[in-house]
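First to last, the sequence lines map onto chains G and B.
Each residue of the first sequence is one higher than the last, beginning at 286 in the working numbering.
Each residue of the second sequence is one higher than the last, beginning at 3 in the working numbering.
The hints are simulated quantities; they were obtained by calculation from the structure and are not laboratory data.
Some clues are possibly wrong.
Claimed, not checked - Interface residues of chain B toward chain G, partial, derived using beta-carbon atoms under 7 Å:
1. I654
2. N655
3. T656
4. N709
5. L712
6. D714
7. L716
8. M719
9. G721
10. E722
11. E781
By construction, the Cβ of each residue, glycine as well, lies at the ideal position given by its N, Cα and C atoms.
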Amino acid sequence: MNYVEPSSITELMNYVTTVEDYRCLAGGATLVAMMNVGLVEPELLISLHKLDELKGMRIDQNVIRIGAMTTHTAITDEDRLTGNASLVRSAAGQIAHSAVRNMGTIGGAISHADPSADFPAALTAANATIEVLGPSGRRVIQIDDFFVNYLETSLTEKEIVMAIMVPLSPADAIGHHLKFSRVDGDYATVSVSLALAMEGRICSYARIAVGSVAAVPLRLKEADDILIGSNLEESEIARASELLLKSSDPIDDVRGSSSYRKFLIPRLIRQAVLQSKKELSYT
Amino acid sequence: MANDTDLTDYIGHSVPRANTLALLNGRGQFVDDISLPGMLHVCFVRSPYSHARILEIDKQDALQSPGVVAVVTGKELLAYCEPWRAELTHLPPMQTALQYAMPPERVCYQGEPVVAVVAESRALAEDAAELVEIDWEELANVASIEEAMQSEGPRVHPEMDTNLAWSMELEQGELDKQFSAADVIVEQEFYVDRQTGVTLEPRGIIANYNSADGQLLLHHSTQVPHIQRAVYSKQLGIKESKLRIICPDLGGGFGLKLHIYSDEISTAALSVMLNRPLKFIADRLESFLSDIHARGHIVKAKMALTEAGNITALQLEDVAGGGAYLIHPRTSTIEPLLVGVCTPLAYDIEHYKANVSLVYQNKVPTAQYRGVGMPVASLVMEGMMDAAARKMQIDKAEIRKVNLRADDAYPCKSVTGETLEGLSQHESLDRLLEMCAYPQLREEQQKLREQGIYRGIGLVTVVEGTSPSPALYAAGGAPISSRDACTLRLESDGSIACITSLTEQGQGAYAIINQIVADTIGVKMDEVDILMGDTKATPFGGGTWASRGTSIAGEAALLSANAMKEKILDAVSQLADAPAEQLYIKNGKVIEIETEKVVLTLEELGRITHYRTMEFPQGFDPELVVTNHYSQRDHMMLYANCAMCLTLDVDINTGQVKLDQIWVVEDCGKVINPMLVDEQIRGGVVQGIGSALFEECIYDEDAQLRNGTLADYLVPMAGEMPDIKIAHVETPTLVTELGAKGCGEAGIISICAAIMNGINDALEPLGDVSLTSQPFTPEKILKAIGKI
Chain G
286 MNYVEPSSIT ELMNYVTTVE DYRCLAGGAT LVAMMNVGLV EPELLISLHK LDELKGMRID
346 QNVIRIGAMT THTAITDEDR LTGNASLVRS AAGQIAHSAV RNMGTIGGAI SHADPSADFP
406 AALTAANATI EVLGPSGRRV IQIDDFFVNY LETSLTEKEI VMAIMVPLSP ADAIGHHLKF
466 SRVDGDYATV SVSLALAMEG RICSYARIAV GSVAAVPLRL KEADDILIGS NLEESEIARA
526 SELLLKSSDP IDDVRGSSSY RKFLIPRLIR QAVLQSKKEL SYT
Chain B
3 MANDTDLTDY IGHSVPRANT LALLNGRGQF VDDISLPGML HVCFVRSPYS HARILEIDKQ
63 DALQSPGVVA VVTGKELLAY CEPWRAELTH LPPMQTALQY AMPPERVCYQ GEPVVAVVAE
123 SRALAEDAAE LVEIDWEELA NVASIEEAMQ SEGPRVHPEM DTNLAWSMEL EQGELDKQFS
183 AADVIVEQEF YVDRQTGVTL EPRGIIANYN SADGQLLLHH STQVPHIQRA VYSKQLGIKE
243 SKLRIICPDL GGGFGLKLHI YSDEISTAAL SVMLNRPLKF IADRLESFLS DIHARGHIVK
303 AKMALTEAGN ITALQLEDVA GGGAYLIHPR TSTIEPLLVG VCTPLAYDIE HYKANVSLVY
363 QNKVPTAQYR GVGMPVASLV MEGMMDAAAR KMQIDKAEIR KVNLRADDAY PCKSVTGETL
423 EGLSQHESLD RLLEMCAYPQ LREEQQKLRE QGIYRGIGLV TVVEGTSPSP ALYAAGGAPI
483 SSRDACTLRL ESDGSIACIT SLTEQGQGAY AIINQIVADT IGVKMDEVDI LMGDTKATPF
543 GGGTWASRGT SIAGEAALLS ANAMKEKILD AVSQLADAPA EQLYIKNGKV IEIETEKVVL
603 TLEELGRITH YRTMEFPQGF DPELVVTNHY SQRDHMMLYA NCAMCLTLDV DINTGQVKLD
663 QIWVVEDCGK VINPMLVDEQ IRGGVVQGIG SALFEECIYD EDAQLRNGTL ADYLVPMAGE
723 MPDIKIAHVE TPTLVTELGA KGCGEAGIIS ICAAIMNGIN DALEPLGDVS LTSQPFTPEK
783 ILKAIGKI
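Given these sequences and hints, build the entire structure.
Following this line, the structure appears as structure tokens:
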């Protein structure tokens, strides 16, 4: 295996287009573990850590652009992640433990597309868009189109994630990532990500995604539509979660059986919605 | 006048551990930190099947791989390592199978090593290992305990008629009569899943054979260097005197590093074969597939009580899943044996019967792991107590008080024949109930229940077996020493060199010996320089296992320190022309009692002893070196006791258990270092939180381990640790001068049962719920209350 550290995008694209079997190394939190176990054995490992364009966060027209190489810790500490975007911050702080958060990056996390990880569901609920770069240039992928299957994204073979754009609006929305795991810092058995806003007693904005219950984060416009315009009463929450539950297709694994995950879905949604509603009523 | 800086009063005080600074500074030295000139690395090809025949091994491609020095099969290694049969002859007969360093023909568990690849680096060895081609014939396997017990069906070892490795019956009293006369009968079945030890530092060994002098030097992560030396000597055919084992720093043992492991002994044999230093360090994946597993029980229990709650009889049947082999040299039988012996120990039970057995499975062998059988014994006993209390509507503290022996009932014998020399169960329980404010806990529980919060209170009173006599293992022919020794030597600068057979696995053995020697002689702790873990240098001894370090090796250190003090005073009395009885030692100075005058410093004594011997009177030449040993031969074990209470909340929407607070009152006899005892209790508690709530080795029906990574095998972390408040009652053992009993296992023995009882207590408003299957996972809890 060879290892390179390109210092420009041109140099990066050069490697990407000329080498067949490569992997891009971001924080390495998952990739290095997979290489250690022998699950992944690329011929070329391309470190992204010298590419300044992938670093940092900036706000442009009410959208925060988070560079792909931004660590979970940096996101957790970022107080410009407000309104709708606070959801991303809430999720980042719950990923694994601080040692992992110091290394792991948002770009790496979503490129890996593990449905039980925290960012896929959180970014889905936060209505993010993903800026990607490939040999034929840049394009933007809406988050709902980004995750395709277990560990599979809609990135074409030579594309890499450059940045994640998260709208700050609605500015009065709050984001909440509710994660259920048996031990602190574990992958979610089920997670619920939610951005919610209210005008008086009426829900003016809602976007829910459920993680770890299907091959990709589970989000239904119909479920959001039930909540929007409602008073977020128990019955409305129940109807929305019923829809999501019906669309879920969780697997059996060491973290829980499919039926257990299905048991959790409506309960966690209810908890997340009610908690957010309560919080909004104080603000 | 004495001033504080002169004090060397260490015994009984929370003195910080001197040897931890190096570890904190990253300057510890573990086996993997050591590199020898010319050293090669070993990697093993392990069986992907739980039961299969090896038809053909093609190693040609592997041999061609870069950096490869040798590729060796089990057949080829046979000439360098004799196979062994684990057996203890003082117990009922064992059906034992021959185990090889690497099996030549047939593998019995997934992960069993079959081919060793030796290369210039671990990475190159791993690359080459992938090129070894093996033709397998898969055989029918035995996965679960239930399958193993079937009279028809596959056998783990085809030469045997059954999968039964061992069984034993213990019976005392008139069981049938008691059951037919009983006012109340309680029956429960307990299931305890397998788990493993997960030491921070994985197993490892560096073997360096030198054909020039026939010496084999092992740097080995083991708790028991002398015992390993005896076992390795026999299997490798190298005299013990030619075999030296050095234990550098150890990152956790928990019983896991007591046994003979195929990969480790193969590494030693390969070093002899190749006449080269070789290193093998298990990686985390190998650890899950090859470190001993533990527990794995199905226990049926039945208990008779009077109307007043007195237990009149107890009967149990335990089948433990032993895995593929009876692990050598201790065998896997002691786990079920201790379930049989220890289950009734805590209470005054007169009529008892236990049938305990061990079955073979095509899984990793199970063996001694922290608590050995006793966490299961207490799970059963304490589970039965709570089941009876629920059924009879008696308070859970009350039913225990009714059945505990009076604190002045000792010494006495348990129904299983164990001598209980002195316990303080009533005093400990009373202190515990006071410390946790038990009545208020019940009131609070009631309030919380009204708010829809499922608060549970778990209470247990247990007995912990510690410091075994040779009757436990050595009587059965195994080379397992129950003795420990300590050599002390006055050095030329007046410091004390202390060479102990005890070993440090992170528990604080070093600090305890340091305290005992310094306090007893009367010198500062940093004037005592400790050496441990080298068979060529230290006196012979058992090492670290079964909570025996402080009680046994500590006693040896005390005896030596007393003898050394006497020798020092004798020598000084010769120099000062004062009777030894008129002298004492304080902070490294020999002082005359009457005048409080310093007669001589130990520093000066060191100089005179080693350089200016002419200053001694003619005919007197002091030998300021002593060795004393101690072997606990009075009782099978020195029993300690522990009472624990905890509060927890069960979330019935998720099945999640949240531990709230834990209180412990422990009696391990004389406490040498309260801080270290508390650390032992806390460590045991946290490890047991893992057993109770998270840890299980999940196998599928083909006996393939499904969660053999730290991503999938859950262990408790800081977030899962509640506050643990600890208090002590001290009932010193009378068999030693030191008076200490062990304390390393009380935490894990108590906590599993306390958590189970707490969960069942929390769920009481939901009807007759009794959860008895460990680990107590959210799904099992929801199933028990009919939610899924």
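So, going through the hints one by one against the coordinates:
1. The beta carbon of I654 of chain B comes no nearer than 10 Å to any beta carbon in chain G, farther than 7 Å, and the hint placing it at the interface is violated.
2. Look at N655 of chain B: its Cβ gets to within about 4 Å of chain G, closer than 7 Å, so that hint holds up.
3. Annotation: interface hint on T656 of chain B holds; nearest CB of chain G at approximately 6 Å, less than 7 Å.
4. Given hint, N709 of chain B at the interface with chain G, holds; its Cβ is 4 Å from that chain's nearest Cβ, closer than 7 Å.
5. Look at L712 of chain B: its Cβ only gets to about 9 Å from chain G, farther than 7 Å, so that hint breaks.
6. At about 5 Å, the closest approach between the beta carbon of D714 of chain B and any beta carbon in chain G falls short of 7 Å, and the interface hint on this residue holds.
7. The closest approach between the C-beta of L716 of chain B and any C-beta of chain G is roughly 5 Å, which is under the 7 Å cut-off, so the hint is satisfied.
8. Interface restraint check for M719 of chain B: the shortest CB-CB distance to chain G comes to about 6 Å, inside 7 Å, so the restraint holds.
9. A distance limit of 7 Å between C-beta atoms decides the matter here; for G721 of chain B the minimum to chain G is near 3 Å, and the interface restraint holds.
10. For E722 of chain B, the suggested interface contact is upheld, since its CB lies about 6 Å from the closest CB of chain G, less than 7 Å.
11. The interface hint given for E781 of chain B is met, as the beta carbon of that residue sits about 5 Å from the closest beta carbon of chain G, less than 7 Å.
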